[in-house]
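So you can see what is in the structure, the chains are spelled out below.
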Amino acid sequence: MKHEVLVIGRGGQGILLFGRVLGVAAAKYAQLHVSATESYGSETRGTESRVDMIISDKLEEIDYIKVRKATIFLVMYPFNLEKYMDMISDNACIFLNATYIEDFPEKPDWKIHRAPYTEIAEKETGTIRTANIVALGHVVGKTGIVKPEHVIDAIREIVPSKWLELNIKAFNVGLNLP
Amino acid sequence: MKRVYTHGNRAIAEAALVAGLKFYAGYPITPTSDIMEYLAEKLPEYGGVMMQFEDELASINAIVGASWAGAKAMTATSGPGFSLMAEGLGLAVITETPIVIAYVMRAGPSTGVPTKSTQADIYQARFVSHGDYIIPVLAPWSVQEAFDLTIKAFNIAEYLRTPVILLSDATLAHLWESAVFRDRGEVEIIDRKKPKVPPEKYKPYEPEEDGIAPMAVFGEGYKVLVESLTHDERGFYIQDTMVQRRMVQRIVGKIIKNIDRVFEYETHYMDNARHAIVSYGTSARSSLAVVRDLREKGIDIGMVRLKTIWPIDEGSLRKTLSGVEKIFVVENNMGKLVWDIQRIMHDKEVIPVSIIDLDLPSPNEILEVINEWL
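Line order of the protein sequences matches chains A and B. When we follow the working numbering, the leftmost residue of the first sequence carries the number 1, and every step to the right adds one. When we follow the working numbering, the leftmost residue of the second sequence carries the number 1001, and every step to the right adds one.
Some hints here could point you the wrong way.
Listed next, the stretches of chain B that the computed footprint assigns to chain A, with coverage defined by at least 3 CB atoms under 8 Å from CB atoms of chain A [as the list claims (entries may be wrong)]:
{"#": "1", "region": "1175-1189"}
{"#": "2", "region": "1288-1294"}
Straight-line distance between alpha carbons at most 30 Å, and here's what the computed DSSO-like set of lysine-lysine pairs gives [said to hold, decoys possible]:
{"#": "3", "chain 1": "A", "residue 1": "K2", "chain 2": "B", "residue 2": "K1116"}
{"#": "4", "chain 1": "B", "residue 1": "K1257", "chain 2": "A", "residue 2": "K69"}
{"#": "5", "chain 1": "B", "residue 1": "K1002", "chain 2": "A", "residue 2": "K107"}
{"#": "6", "chain 1": "A", "residue 1": "K28", "chain 2": "B", "residue 2": "K1297"}
Calculated directly from the structure, the hints in this document are not laboratory data. Cβ atoms here follow ideal geometry from the backbone N, Cα and C, with glycine treated the same way.
Sequences and hints are given; from them, build the entire structure.
Here it is as structure tokens:
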């Protein structure tokens, strides 16, 4: 089992927290091997944020630290989307934040999931700030990359107590998205 | 033992605590500062002291002093800071002082790109200070190895009474990975050799049979001269060729004599390999992907990854590479380790794959070069 997870979005959308939570869930709780890099602009928000994460049950399967062919691709905001098209594997699971993305090319073996994560977050948790964790729930629910309880453990470990219950709620909402 | 998900800088800091670090002195510099920040919080809990000094010159001199007071001591810096440590590093070399310097490479020359990576400083790490000497330089390729090799760096420093460089880069500094961090009692921790003779018979630079002089600690009754001038075994300045030779031979000889303790490398897919990549540090991560890509296409290629990039055990490297036709040296700089490999493997075709990339050379960039030669 080897996943190459690519997450892109806009600074302020919690792309890095998405990566930290998934990374801790996979590495510490699911006992998988994980390698991840983060990139972001120096601005507080508004520029492109990106997480590349390799997850495998075999250590020796992890070599290059960046995604070469994404098996899981989450787009929270369509920044330079065309640049990523060659980086998506033929049978990738693709998740699109429908709040910001309408058009996306189709390929026969791509499984494309769409949900308006930002709107859902605002409606269900009263803030758009949990959109990243709604999306994480959707990704985990559809791909089974890690068990939901491992993500809950990771959220409890990382997220400040003030935001904890809201994020767990957001995660569960995402898990149950169609 | 604990399972963690963390980054390279944190791994270095955690390993230093396990190794027994008691004194850290430093001056903040990107991309290294989180080592110091973490130790500022944690080191006091381990009975140690973290001090921010006015600059790198003071920092390295402070750790040399702390080491003579018996503390395991380290600093961390990047290229511009290491340049300022050149003089102090020489003092550590000639006084045979165990210290560890975590050196996180960024892009240069000068202030370059502070937040971005290269492997351009491998010669600066070896030879920044003047005079004849060899100091070990270890280059981790993963978060796990940043932890493991930091402990090894302390062990070598203590065992051989020498400065040791742990050479990371900006990519590894902020690479997040799963790893297993072992605790004291679960890893071998080496402490320096102390004198067995009474104070009146002790000479601070007189080696025993293994080439290493026991090191007395200030305040335990032994007279120690910490002399930066050429000195004899007592530490007295003597302007004499034979004394100079003896001293240099001791400083260099103890490292070479114990090369098995210092030099470490690993091989991937080298059984009956027709060609080989030689790489180190984060570039080796891309290189391993390249090896797998080429093997899928039926090309018998393997990889030799140096964990110790200085000094190199030339005999064992020659043996490992003796059966291959072409050797590709992959590194993120203008081509530096390749000079060593071309010298050591002078009867082989050694091809530089020197790719300057502020992040990390990608497998595709490396493949483009290698494919031209296959």
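Outcome of the hint check:
{"no.": "1", "hint": "1175-1189", "in the structure": "holds (count 4)"}
{"no.": "2", "hint": "1288-1294", "in the structure": "holds (count 3)"}
{"no.": "3", "hint": "K2(A) x K1116(B)", "in the structure": "28 Å, holds"}
{"no.": "4", "hint": "K1257(B) x K69(A)", "in the structure": "47 Å, violated"}
{"no.": "5", "hint": "K1002(B) x K107(A)", "in the structure": "43 Å, violated"}
{"no.": "6", "hint": "K28(A) x K1297(B)", "in the structure": "36 Å, violated"}
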